[in-house]
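Visitor: One letter stands for each residue in the lines below.
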Amino acid sequence: MRVSGCPIWADVVIEVEQLSKTYQVADKSPGFVGTLNHFFRRKTHDVQAVRHVSFSIQPGEMVGFLGANGAGKTTTLKMLCGLIHPSAGRVHVTGYVPQRRQAAFLKQITLVMGQKQQLIWDLPPLDSLSVNAAVYGIGEKEARYRIHELAEMLEITEELTRPVRKLSLGQRMKAELLAALLHRPSVLFLDEPTLGLDVNAQARVRSFLAEYNRQTGATVLLTSHYMADITALCSRVLLIHQGELIHDGGLDALATSLSPFRQVRLELNRSASPEDFVGYGELEALDDRAVRLLVSRSELTEVVARLLANFDVLDLEVNDPPIDELIGSLFRKGRVV
Amino acid sequence: MKIAGLSWPVVRALLASQHANMVQYRAEIALWALSGVLPFIMLSLWSESDAGASLGFKGVGLARYYLSVFMVRQFSVVWVVFAFEEDALLGRLSPFLLQPLHPLWRYVAAHVAERVTRFPFSIGIAAIFFLLYPTSFWLPSLGQFLLACLAILLAFSINFLLQSLIAALCFWSEKASALERLLLIPYLYCSGWLVPIAAFPDAARTVCFWTPFPYLIDFPARVLAGLSVDFVAGFVAQLFWVALLLPLVLMAWRAGVRRYTAMGA
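Chains as they are written, first to last, in numbering that gives the first Met the number 0: chain A, 0 to 336; chain B, 0 to 264.
Just chain A, with the same shape it has in the complex:
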């Protein structure tokens, strides 16, 4: 499988310099008086969604784009694919200025947004795929070959003839991916592609993306709330907070910095008090017999062994805290500047 577009000798496929986006947002007080005031004297304020962001991405890289809700990830992605115009700064993707949306540029990129769909709801995915094939100038024989190839990779061949509305969320997401990749884009912008999927479906989408990248050498910029997506696919991450890029580098350094702790959830056979957990890490929550602790990664095995030895444990679960929580806690503690 080969992708269209970016020549292999190009050094940089995405180049962003001092990119900013400011939205004008209306201010309105609640109630009747607020409505009247808003009608006669409309007040607005500027929200800087993205501030002076600069980075570059090389062909074939898979880069994770992290940040809390409202941090500016999706706005940045929308500017990179040309959906919205930047307020300031410079963007080049495969040598094109995205917001001009030239046909040659659009044929090289794709944007997949979890929970948003381009497939026609009441028809089988094959109908939407035939439209996409025609729009991208793919001949019927070639389109059939590509659909078969991608459907095999995504394990979705049988579902292509069922109406989209009858598909499960996971099947729909895979069909969306197929539609988004039919023209073999060389740059993939993926915004929460596994949002709402169960663990198995997430894993299948991840392995598909890794395989697509391996086979085609496509460049991938991925946002996700699931740390597992990022760890499975991306060796490099960009971390954005309040519109500013605050980390651009390896995942290992960021993971350790973000999550030096793991979350241990316990369900005990009897009630416990906070004093019982002194020396077992940071007590996050205690609700009768349900306990949540933050335990240092380096001490995890030893602490879990002590917990099992000293308490009557009915259930135990060890998790990475959600990425949003980690990032939030990180900024509250002021550990990244």
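Accuracy of the hints is not assured; some may be wrong.
Covered stretches of chain A (chain B as the covering partner; in silico rule of three or more C-beta atoms under 8 Å from a C-beta of chain B) [as the list claims (entries may be wrong)]:
| id | stretch |
| --- | --- |
| 1 | 122-132 |
| 2 | 233-242 |
Facing chain B, a subset of chain A residues (Cβ under 10 Å, in silico) [as the list claims (entries may be wrong)]:
| id | residue |
| --- | --- |
| 3 | His84 |
| 4 | Arg100 |
| 5 | Lys115 |
| 6 | Gly138 |
None of these hints come from the bench; they were simulated from the model. A virtual CB, placed ideally from N, CA and C, is assigned to each residue, including glycine.
Could you slot chain B onto chain A? The hints should help.
Guide: Structure of chain B alone, referenced to chain A:
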């Protein structure tokens, strides 16, 4: 050759998928066709007052006029502003903007496919009309039929461009469809849908003909019904409105897309 991304394979694929989609909504489309019987109600009112002759309609002319109004309306009705507004607010517009095909072509295809699906229902209603008013039956000559088809196509184009212009305002106002409703009143009265424009006083008639509305219903209906009409003036006016609205739509679209924030996406 491609026009804003449109090529023959795209036309085929869009029409095939949109027709399949519209067939899913055939019951709804049948009801839409049925809901367009307003001209028949107006016909019964005018027939009671026996005003046809005073409006210059001889014999069954008035019945043929209103049946033609019904048929023209069936094939020129446009709902792009509502579909576009929903797509823009729900974020469905975003993937369309990222494909090398102007999004408006999708709406054109949806309308054409809907017309094909609606056709048998409209013909069925016309057949019932002839059963009820057998004396009004007529078959237009081939030339008359082709001219009427052209007039209806241009009426649809004007209507589509007019609504697309309003739809483009969605980039500025989230409820552009409210503006479309403002157009409903002049459309009702100045198009000949409710009342033949011939019934208006001279001054009002003159004003009407300065607007695009008579060319959406009255002119194509007269051509189809075989009533007296100035073909050249009518077609020139239709082409004038298409030529005026098309660049306005494209300019409004270009300016609007710059403001698009894809908030629903």
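Visitor: For the hint on Arg100/A, just tell me whether its beta-carbon gets within less than 10 Å of chain B.
Guide: It holds, given that the least Cβ distance between Arg100/A and chain B is near 7 Å, below 10 Å.
Visitor: Go check the stretch 233-242 of chain A versus chain B for me, would you? Three or more residues, Cβ under 8 Å, otherwise it fails.
Guide: violated (count 0)
Visitor: Between the stretch 122-132 of chain A and chain B, see if three or more residues pass the 8 Å beta-carbon test, and mark the coverage as holds or violated.
Guide: holds (count 7)
Visitor: Would you check whether Gly138/A satisfies its interface hint, that is, whether its CB is within less than 10 Å of any CB in chain B?
Guide: For Gly138/A, the interface hint holds, since the closest Cβ of chain B sits about 8 Å away, which is under 10 Å.
Visitor: Just to be careful: measuring from the Cβ of Lys115/A to every Cβ in chain B, is the smallest value less than 10 Å?
Guide: At about 5 Å, which falls below the 10 Å cut-off, the nearest Cβ of chain B leaves the hint on Lys115/A intact, so it holds.
Visitor: Going by Cβ atoms only, is His84/A closer than 10 Å to chain B?
Guide: Where the cut-off is 10 Å and the nearest Cβ of chain B is about 5 Å from His84/A, the hint holds.
Violated hints amount to a single one, hint 2; each of the other numbered hints is respected by the structure.
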